[in-house]
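Same order as they appear, the protein sequences are chains A, B and C. Each residue of the first sequence is one higher than the one before, counting from 3 in my numbering. Each residue of the second sequence is one higher than the one before, counting from 2 in my numbering. Each residue of the third sequence is one higher than the one before, counting from -18 in my numbering.
Hints in this document: simulated from the structure, not taken from any laboratory. These numbers were taken from a predicted model, which means no experiment stands behind them. Built from N, CA and C at the ideal position, the CB exists for glycine as well. Check the hints yourself; a few may be wrong.
[Stated by the list, open to error] Dumping the calculated BS3-like pairs for lysine-lysine here, alpha-carbon to alpha-carbon at most 27 Å: (1) B/K33 - A/K210; (2) C/K183 - C/K161; (3) C/K183 - C/K106; (4) C/K59 - C/K199; (5) A/K195 - A/K125; (6) B/K305 - C/K161; (7) B/K33 - A/K195; (8) C/K295 - C/K358; (9) B/K305 - A/K125; (10) A/K210 - A/K125; (11) A/K125 - B/K33; (12) A/K210 - A/K195; (13) C/K161 - C/K199.
[As the list claims (entries may be wrong)] Facing chain A, a subset of chain B residues (Cβ under 8 Å, in silico): (14) Q136; (15) F144; (16) A145.
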Amino acid sequence: MNTTTETTDTQAAAAAPNRPPQLRAARVRRQGVIKFVILFVTLAFLFVPLVSMLVFTLRHPLSGRWSLAPWIAIFTGNGESLGADLTVLWQGLGASLALCAVTVVLMLLLMVPTMVIVHIRSKALERAIEWVATLPLTIPAIVLVVGLGPIYRWLSSAVFDTNPIWLCFAYVVLVMPFAFRAIAVGLNSIDVKTLVEASRSLGASWPKVFFRVIIPNLWQSILSASFISIAVVLGEYTVASLLGRMNLQVALYQLGQSNSQISTAMSLLALLFGVVLLVALDLISEHIGRSRTGETKEGK
Amino acid sequence: MTASIAQHGPVATKGAGPSATSASSAIARHRKELGTFAVTVPFFAYTACFLLAPTVIVVVGAFQTRDGGFTLANFSKLFEANTVSAFVTSIIVSIASSLIGAVVGGLASYALVIGSKPNGLLRRMVSAISSVLAQFGGVMLAFAFIATIGINGIGTMLIKQVTGLTVNPNWLSSLPGLVTVYCYFQIPLMIIIFLPAVDSIRPQWREACESLGGNTFQYWTRIACPILAPRFISAFLLLFASAFSAYATAAALFSQRSILVPLMIQGAMRNEMDPNQQGFAQVLAFAMIVVVAIVMLLSHAVEKRAGRWQ
Amino acid sequence: MSLAQQNNVTAGEQAEHEFKNDPTATLEGVRGKDVTKAAKALLKDSATRGGGIRMQDVVKIYPGSSVRALDDFNLDIKPGEMVVLLGGSGCGKSTALRSLAGLEDIQGGRILVGGQDVTGVPVNKRGMSMVFQAYSLFPHMTAVENVEFGLEVRGVGREERRRIAMEQLELVGLADQANKFTQQMSGGQQQRVALARALAIKPRVLLLDEPLSALDAKVRVQLRDQIRRIQLTTGTTTVFVTHDQEEALAVADRIGVMNHGRIEQIAAPQDLYQRPATEYVATFIGLTNRLPGASDGEEAVVFGQRVPLLPGSKRGDPVAVLVRPENIALARAGETANAAGEHARVEVIHFLGAVARVDCEISSGEYQHWNKGEQLKVTVQLPAGELPAGLAPGDEVVVTPRPVAALAC
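The following block holds chain A by itself, in its conformation from the complex:
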């Protein structure tokens, strides 16, 4: 009742002598508190290990000395000061980066043309492909490895060698569900059929339709499929370690046995790379989205 004397809100005081009860605002404030508590606790749980990792790399666990040595070792490529041999790490990193590239290319070649054509032509085949492509979610990597073991034993003796790059065949299967979803989202958000019919009626050949019309419209989903594939490949440990090949994670594990600080620092870097990829994707898609809507506004 006597809020007028207490309140400093001039607007309310000017509006009426008795400010009506602000029931909705009170609820918004209550929700705000709940929201803050939930997000604070969740984010704290997610960030504490990351911060610990950072501190762990800077402070020697036994002597308690603070130094940048692990980071210097990584960026100079010389781990002698810490008594660590980094060749394994570079081997693993090289293998993983090469695997990323090969896996992404193979995945795109295998998925994009098939999915586009099936999307236009046959609902039944599209469902079949969806079923197959999402199957790896039901068959865990550890199970797949049991079956891949004999296949890779045969492949490495009869066809290829034991180079880790051949892991790409297994990795394409692992990234398939994620890639499928990303591309399917793109296909469903544009009217591919009309696009194709329109450009065919304008006299474009099939390759021209594919590269000049469909791919530019799917650009965003292709990018997102590629990024998620890179993230999966960089983090892959199960298949590589059980098939006895080297990649980044296997190298990190091995290095972790002798120098946990360097491997922790490298893990943080890999994570940072992942965040940068995802944020870049977010920014790119927002940019594409904005320029598209901007165009339509001008059109109107």
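With the hints as your guide, set chains B and C onto chain A.
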């Protein structure tokens, strides 16, 4: 008027078309279908080699004797005490971490959506971080927790300095420790899966509920929870499958002990030459497929039930 | 349309009037003794159900904004009346409705329903129910479960609430769809379920927030007539918000035209059209010509023709006189006996069935300053039969305002 006239034109020509060239168009259609199928051949051939073949090898291997005959004997190992306990541990860890992940992740999704702009900075930041952390399993995750609460972990030392208590150095390899570590990728995974579900809750539902006389409790029990329940359950099941199949994190945390099914498979694969271990890896892998397949079928059934009204 | 609307009084007043003065009069197609019963029922119903509404000096400022979405907003609604709030986007019409419902806090003023101050009463205790623009039905419930919801939270027994819900669905003509999930229904059906749900709790006030804007034109017309019919039979006090003037004219007892968080004018549809109080109202509802004239406050001279003025008109020379297209006469040049009028050239002729609309351009250059330096244009509407035979674009005509009261501003 004009619209109906315009519609008649194409229909008439369409009607005339097929009757004149029906034979040739049937062949053309057939050729087109064949062409479509031909395009999918590389995809299906590839998946046959690297997805179907390994699966078949696992399934066949589970039923095979050393010299290739059919047997069910391999399955007897499934009922040995340590195998059973590995399955029980795996399932307990998966259920516990999925429950915590689903509840915390679900609440976080709600907190991100409620009363915020659909494309707010906080929300975009958290979902970008979540998509990275959901993939952040394996060796790196093990390092993160070793750095936090391992023997020389930062958390361990802080606790010791502040409270004087010593954290059990084996806590990370205990059940609660493992559940905590798994939660680290379960919570972000839940946020990614569940955000769209919370987005689909319309503010009008709450306003309608209130204007019809419902209070907050009635809104949650009669409207919001029943609407979210199917997607919450199917998300929980997906989280269960992801925890149950996780290998790398556990492998990096325990190098020797085979307390989880994936670790047991690893052990069996290493000892494949041992005649006692014949087909054991395949049997375990087969059992894992069965468990995950049941979970996926359940999740499908829940979604289908909700599909009645979605 | 209904009796009440024609005579510009509320349904309640209409019933009372019929009952007292002439028990044999027609009421909604019933005759003789039945009308007494109908009127009595109507009166009783509106007395128990329809609360009058008073919104007094209501101020609404959205958080983080300095604009007053409602600026000393005043509105009085009699029991059983249907008032439409009409205005463009951002005029505050939805804010007014949501404040009345309690879905928005107000920063000043008070709201009374049936004489009781509800300013501090939470939404779910106000006894009002709302129909939203779209998407407000609960998707996991069937149509009949949706309608039951309001009764369920009030603790009405299972059988009783099913019976009431079915009655309501019957009223909106959807009894046969009762067990369908609402997402399987068409937009029009969904809004009818929403209406049944809102009515099932027998609200003191029914609030409709653009309930028809998400629907097809044809369904819109059907449903708005159905809403009006149901409102008249139940006698529920109703506030209807829309941006569609045709909708407003069709259903309202009174229309409040809103602008900048206030009601510019509130009056019966016909009054609003024929006697607009402000330029905003005149231009918002229907078409109008803005013609130059000399005004003494009582009368204006436009194109040499005397035109009586509405109260509130400005005096001066020149002023803008707002003349409806149907209040302008058109004749071929040289065929008119009247000395007044301006020569014009026909630009376009639109045939709209019963009427025709002719867009003309005044030939004389002396009015250019009225139209940003371009030739003044005049739109004339007349019954299609009165169109001069063979009139074609380019023809010379004379346009003369008719002596019908207009607003000068």
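Status of the hints after comparison with the structure:
| no. | hint | verdict |
| --- | --- | --- |
| 1 | B/K33 - A/K210 | holds (19 Å) |
| 2 | C/K183 - C/K161 | holds (23 Å) |
| 3 | C/K183 - C/K106 | holds (13 Å) |
| 4 | C/K59 - C/K199 | violated (31 Å) |
| 5 | A/K195 - A/K125 | holds (12 Å) |
| 6 | B/K305 - C/K161 | holds (17 Å) |
| 7 | B/K33 - A/K195 | holds (16 Å) |
| 8 | C/K295 - C/K358 | holds (23 Å) |
| 9 | B/K305 - A/K125 | holds (20 Å) |
| 10 | A/K210 - A/K125 | holds (24 Å) |
| 11 | A/K125 - B/K33 | holds (14 Å) |
| 12 | A/K210 - A/K195 | holds (15 Å) |
| 13 | C/K161 - C/K199 | holds (23 Å) |
| 14 | Q136 | holds (5 Å) |
| 15 | F144 | holds (5 Å) |
| 16 | A145 | holds (4 Å) |
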